[in-house]
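Participant: Starting from the structure of chain G, add chain U where the hints point.
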Amino acid sequence: MRVRKVTAAVSALLLIALTVAVAEAAIFALLTVFSSILRVYLVVELADRYLLVNQALWVPMPHVSVHEAGTVGSGLVTFGCGLGAAAWRYRRWRPA
Amino acid sequence: MSWLVRLYPRSWRRRYGAEMEDLVQVMPGRLSVALDLLIGAAIAYRDVIRRDRVLSAAGAYLHGVCVAVLLQAIAFVSLILAGQGSSDPTDFRLGPLVFATMVGLPQVIYAQLGESLQAQASILVLSRAWWPEAVLLTLLVFALAIVIATPRLLRRLR
Chain G
1 MRVRKVTAAV SALLLIALTV AVAEAAIFAL LTVFSSILRV YLVVELADRY
51 LLVNQALWVP MPHVSVHEAG TVGSGLVTFG CGLGAAAWRY RRWRPA
Chain U
97 MSWLVRLYPR SWRRRYGAEM EDLVQVMPGR LSVALDLLIG AAIAYRDVIR
147 RDRVLSAAGA YLHGVCVAVL LQAIAFVSLI LAGQGSSDPT DFRLGPLVFA
197 TMVGLPQVIY AQLGESLQAQ ASILVLSRAW WPEAVLLTLL VFALAIVIAT
247 PRLLRRLR
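If you're matching them up, the sequences are chains G and U in order. Counted from 1, the first sequence has number 62 at position 62 by this note's numbering; the numbering is strictly sequential. Counted from 1, the second sequence has number 177 at position 81 by this note's numbering; the numbering is strictly sequential.
Worth flagging that the hints you see were computed from the coordinates, not collected in a lab. Warning: the hint list may mix true and false statements.
[Unchecked claim] Covered stretches of chain G, as calculated for chain U (at least 3 residues, CB under 8 Å): (1) 21-34; (2) 61-69; (3) 83-89.
Each residue gets a CB set at the ideal place from its N, CA and C atoms; glycine is no exception.
Next up, chain G with everything else stripped away, as it sits in the complex (with noise of 0.2 Å):
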C-alpha cells in the first residue's frame, strides 16, 4: 500500500513536471513566433546561456531580453497558478 502510494506521488510529481515543461516549451514557441511578427530581437537568458531569436543582425532593430529572473519566474509562475487553480478545485469540490 505505501509503495504504491508513492509511486502515486512520484507520478504525480512527474506529470506536474511535464506539463511545466510543456507550458514553458509554449511560451518559448510564442514568444519566437511574436518576436518574428513584431520584428524585435529574442534574448532569453538561463544559466550564463544566451539564446538569441533574431533576424537580420545588421538591420537595426529593437530588441527584448528575458533575463534569468524573468526565465525562472515564467516557471514559477506557471506551475503557481496550475497550482492555485487545482488547490482552489479541490477545496472547493463537491459531489456533483
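Facilitator: Chain U alone, transformed into the frame defined by chain G:
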C-alpha cells in the same frame, strides 16, 4: 461510425456502450451524428472528471497552466507596446528583480552608426507601427477570455 463510441469513457461504455453501438448502426452515417457523438463524449468525460475530486483538481491545474501561458504572452506583447517609440530601455520589474527589458534600439549598434544613420535609425524606431502589437494584444486578451470562460461553458453543456 460506431467506432466513435470508443471515444467515450470506459465506465460509460460498460453501461451504455452496446446499446449505443446498436443505435448508431441503424442511424444514417451523417456528419451531424458524428458531431453529436463527439460532443456526447466530451460531456461524458466532463461528468467523469467532475465526479472525482482528484481528476477535477487535475483539470483545474491544466486550466490554470493555460491561463498562465496566455498571461505571460500578454505581458510580453505589452512590454513591446510600452517600449515602443522609446530608445531608452523599458524594464518589466518587481522591486530589484528585472524580468525583462525592451530596448528601442540596440545601444551597441546605435553607437556604431554615423550621425546621419543614427538620426535615420531613431526615426525608424520612433515611426514603428504600433498596430501589430495592438492587434496581437487584442487577440490574446480574447483568447484569455475564452479560456477563462471554457469551464463555465462546459458546465452548461447537457
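Participant: Take the hints in turn and mark each one as holding or not.
Facilitator: Against the structure, the hints come out as follows:
1. 21-34: Holds, because 6 residues of the segment 21-34 of chain G bring their Cβ atoms closer than 8 Å to Cβ atoms of chain U.
2. 61-69: holds (count 8)
3. 83-89: The restraint on the segment 83-89 of chain G holds, since 7 of its residues have a Cβ under 8 Å from chain U and three suffice.
Checked against the numbered hints above, the structure violates none of them.
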